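J.: Listed here are the chains, written in short residue letters.
2 protein chains.
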Amino acid sequence: MSTSLPSNEGVLERLRGIVGASNVLVNSDDLAGYRMDGRGMGGGLPLAVVRPVDEQGVSALVRLTADEGLRLVVQGACTGLAGAGLAENGDLVINLDRLSRYISIDPENRTATVDAGVRLSALNAAAAEHGLFFPVDLGADPSLGGMVAANTGGARLLRYGDVRANLMVLDVVMADGKGTRLTLGAPLWKNNTGIDLKQLLVGSGGSMGIVTRVTVALQPLPSVQLTAMVALRDPHKVLDLLRVLEGGLGTLLTAFEGIGPKAFEAALGHVPGLRAPFAPTPPYVVLLEISAGAAFEAEWLEEQLAELLAPLMEGDDAPILDVAIDHRDGLWAIRHAVPEGLRASGTVVACDIALTRGQVMRFRDDVAARIATEVPALVPHDFGHIGDGGLHYNCVWPRDSGPVDAAAVERARAIIFDTVVREYGGSFSAEHGIGPRNISNYRRFVSARVRKLTGAVQRLFAPVPGGRIDFGME
Amino acid sequence: MSTSLPSNEGVLERLRGIVGASNVLVNSDDLAGYRMDGRGMGGGLPLAVVRPVDEQGVSALVRLTADEGLRLVVQGACTGLAGAGLAENGDLVINLDRLSRYISIDPENRTATVDAGVRLSALNAAAAEHGLFFPVDLGADPSLGGMVAANTGGARLLRYGDVRANLMVLDVVMADGKGTRLTLGAPLWKNNTGIDLKQLLVGSGGSMGIVTRVTVALQPLPSVQLTAMVALRDPHKVLDLLRVLEGGLGTLLTAFEGIGPKAFEAALGHVPGLRAPFAPTPPYVVLLEISAGAAFEAEWLEEQLAELLAPLMEGDDAPILDVAIDHRDGLWAIRHAVPEGLRASGTVVACDIALTRGQVMRFRDDVAARIATEVPALVPHDFGHIGDGGLHYNCVWPRDSGPVDAAAVERARAIIFDTVVREYGGSFSAEHGIGPRNISNYRRFVSARVRKLTGAVQRLFAPVPGGRIDFGME
Chain A
2 MSTSLPSNEG VLERLRGIVG ASNVLVNSDD LAGYRMDGRG MGGGLPLAVV RPVDEQGVSA
62 LVRLTADEGL RLVVQGACTG LAGAGLAENG DLVINLDRLS RYISIDPENR TATVDAGVRL
122 SALNAAAAEH GLFFPVDLGA DPSLGGMVAA NTGGARLLRY GDVRANLMVL DVVMADGKGT
182 RLTLGAPLWK NNTGIDLKQL LVGSGGSMGI VTRVTVALQP LPSVQLTAMV ALRDPHKVLD
242 LLRVLEGGLG TLLTAFEGIG PKAFEAALGH VPGLRAPFAP TPPYVVLLEI SAGAAFEAEW
302 LEEQLAELLA PLMEGDDAPI LDVAIDHRDG LWAIRHAVPE GLRASGTVVA CDIALTRGQV
362 MRFRDDVAAR IATEVPALVP HDFGHIGDGG LHYNCVWPRD SGPVDAAAVE RARAIIFDTV
422 VREYGGSFSA EHGIGPRNIS NYRRFVSARV RKLTGAVQRL FAPVPGGRID FGME
Chain B
2 MSTSLPSNEG VLERLRGIVG ASNVLVNSDD LAGYRMDGRG MGGGLPLAVV RPVDEQGVSA
62 LVRLTADEGL RLVVQGACTG LAGAGLAENG DLVINLDRLS RYISIDPENR TATVDAGVRL
122 SALNAAAAEH GLFFPVDLGA DPSLGGMVAA NTGGARLLRY GDVRANLMVL DVVMADGKGT
182 RLTLGAPLWK NNTGIDLKQL LVGSGGSMGI VTRVTVALQP LPSVQLTAMV ALRDPHKVLD
242 LLRVLEGGLG TLLTAFEGIG PKAFEAALGH VPGLRAPFAP TPPYVVLLEI SAGAAFEAEW
302 LEEQLAELLA PLMEGDDAPI LDVAIDHRDG LWAIRHAVPE GLRASGTVVA CDIALTRGQV
362 MRFRDDVAAR IATEVPALVP HDFGHIGDGG LHYNCVWPRD SGPVDAAAVE RARAIIFDTV
422 VREYGGSFSA EHGIGPRNIS NYRRFVSARV RKLTGAVQRL FAPVPGGRID FGME
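If you read the sequences in order, they're chains A and B.
Positions in the first sequence are counted from 1; adding 1 to them yields this note's numbering.
Positions in the second sequence are counted from 1; adding 1 to them yields this note's numbering.
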């Protein structure tokens, strides 16, 4: 069932000439998978999805879209959450899944150079052969190009930083109508040879140009990892725990995740195969991870952890109620089950925000009280990377609360974002980047002065229509 | 002895009106200290050096320079090595030393917000009261604004990254003639709210705008540190040592510095108070540092290190000849004495370059052979941060080799830079940034396409004359 109009046949022929007929998808069945991302269905019906296999193809496609007056949308692995890779009706989608043949590891330099369509899992599989890994850790399996476009953070940012902090080179095709190719950076740990233009592509949602190849820094794979789940008497004690761990363990602490009681119960209640480490559900749960090299033994790490935590477990009102320790991935499974648990509980309203570390728990109390008053049907189920102040302030409209009241949900989102940005100086977008799903927040919270300047910078890179996001004043 | 011309009196009056008479320096004696940087005397005679104490003053000065058609040069602590803070005759120098009153530590967030003129030592003194430190470690004591302008790296980049990786907020006065003030970023570990414009100021040498305040990330101060100096039989074994340490110690390895034999002997031979850990001088020396939290004991770390190194010390041709271990800073003192040792040995020709880690030693052999043939009077005395591929490929024209042949020195510099960039794909500027002293390399090695785009970006931020560096095609 073809949905492309006859008048587009000329364009489609040109597309087939560039990438080959099998890499031009136009049937609506074929397109369905390219119209959804990590949040589900979201895109319009593109003119076509094309899958170039090399940089030359990408460059030719940019020229073609300029010729034909088409808007070009770049798409990676469709795991994004901001909608930056989803087309509107009639756009041309360049999907980079097949631009994924090149994977090269330099074990001495601890770097990897890969095509932009290579998935995180494929990169890590190749790196693991050399005892290395790419330390930006996520629940999803995005492409490296998509990770650059969103500047993904994840659970181990506390130790290793975001994509930006681990990025050395970008090969880029500019969205300038000509498909100009640039190599920005070099595969070097130290390199300061002028203003670093590749930074402008990071977090740009594919709207500054098309990343075709990346070089990233790798880290030694830890030989020993230990995870522990800590049941806290009071969420506000979380900073005491963090201080003790950072002071005692220094750089060995590689994750410090928080799970509120509702999110914890949703994961354990709805996802099969998980075992509750605590009963009853404590007021707050922290998952921590310790990673170390081959000189360490897990037992020794466990002893040190027990010693560090002991003072927080003494007395009737000790901050720590209980601790569960794991040498495998069982506790991470609970953390990773939270999103699924929420979806199983009802309709999820997701807000990817960040605060200073000291303000997370105060914000949490504050905004929960406001939602309880203003939108009582909506139940906060928050969790997040609280070691770096990142908070998935997600709420659930429970299945048994009747149909979702869209206006009430919008009210709740406005309460959450206004409170975090205007009252707490926090971020309306911590690690999912900017796309159609949150561009209204960008326009609302980023100053006109900064947007104007950003728009001017964007036009230098992408003077012709390209991407879904205008960072300027529109 | 005033050197300012009578015709400038009107300008000087206006300057005094903005920053106060005591903060406008015009006498050549007063100006002398502002005409030299980390490489010594280098600047011309500015019209004046003015020292604003707040952002309003900086903004007013930008407006004044635009009115008067003066070129504005921003200066921090005068510790830079690329000359970006040095004026030419008649420029107006804005020195930020007195913009240094604000120092605020958020211990829970592990961040510091400070005025741009605050020195690294002052920041670290304030952070230490909370058990924290700013991990970009340098021999000099620059201002934070200067560190941003150069994107300094240093000895612990291997673990903590450069300034860019630890930067959260910049308050900037744009060099746009109007002195527009911008706050770019937020004091958050996770924050992705569009294209990150503050990245354009990093490594810009003060030529994109004037940084007036910064927020940076802090790290927990290690409770235990151990340094060891390793004598290698063969410089090419350095990667074997690095692999063993990174695999065994993981994130505990915080420095991995290399010192060639000539640099080693220069430090020990010329700087008083140092004790040679080895005799005779080995073919190559590595200084390594291990840092850990309060859960560790130095003795335990030393045992682990000994165990890791033991296999490399066995047999007649073992890679490691000898190891010296230190629980204080004695071994670092040798490393830090190297620049002084070189200066005492003769005239230093300094090249701040970087390579992939695997290529450092091959490059070193290669270029040393070429210099021995082409400029035999010049003796390589290289050292560097070889754990991150950074190499101070410095040469000495010995005191007893007669007067320096400037043409021969230029030949040697061309050999070094051409070899590192064109043959090895390395960097002509690893961590000292771009300034008048190396702008010719920028123009030589950065592609016209990238320079053109960078120049256009620069003009958006700094449309009127400002700073010493034009990143465009000039």
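By construction, these hints were calculated from the structure, which means they are not laboratory data.
Values in this document were obtained by computation on a predicted structure and should not be read as measured data.
One or more hints might be untrue.
[Said to hold, decoys possible] In the DSS-like style, the derived pairs of lysine-lysine whose C-alpha atoms are separated by at most 30 angstroms in a straight line are:
{"#": "1", "chain 1": "A", "residue 1": "LYS179", "chain 2": "B", "residue 2": "LYS453"}
{"#": "2", "chain 1": "A", "residue 1": "LYS453", "chain 2": "B", "residue 2": "LYS179"}
{"#": "3", "chain 1": "A", "residue 1": "LYS179", "chain 2": "A", "residue 2": "LYS453"}
{"#": "4", "chain 1": "B", "residue 1": "LYS453", "chain 2": "B", "residue 2": "LYS179"}
J.: Indicate, hint by hint, whether the structure satisfies it.
T.: Structure-based check of all given hints:
1. A:LYS179 <-> B:LYS453: holds, 16 angstroms
2. A:LYS453 <-> B:LYS179: holds, 16 angstroms
3. A:LYS179 <-> A:LYS453: holds, 25 angstroms
4. B:LYS453 <-> B:LYS179: It holds: about 25 angstroms lies between the C-alpha atoms, which stays within 30 angstroms.
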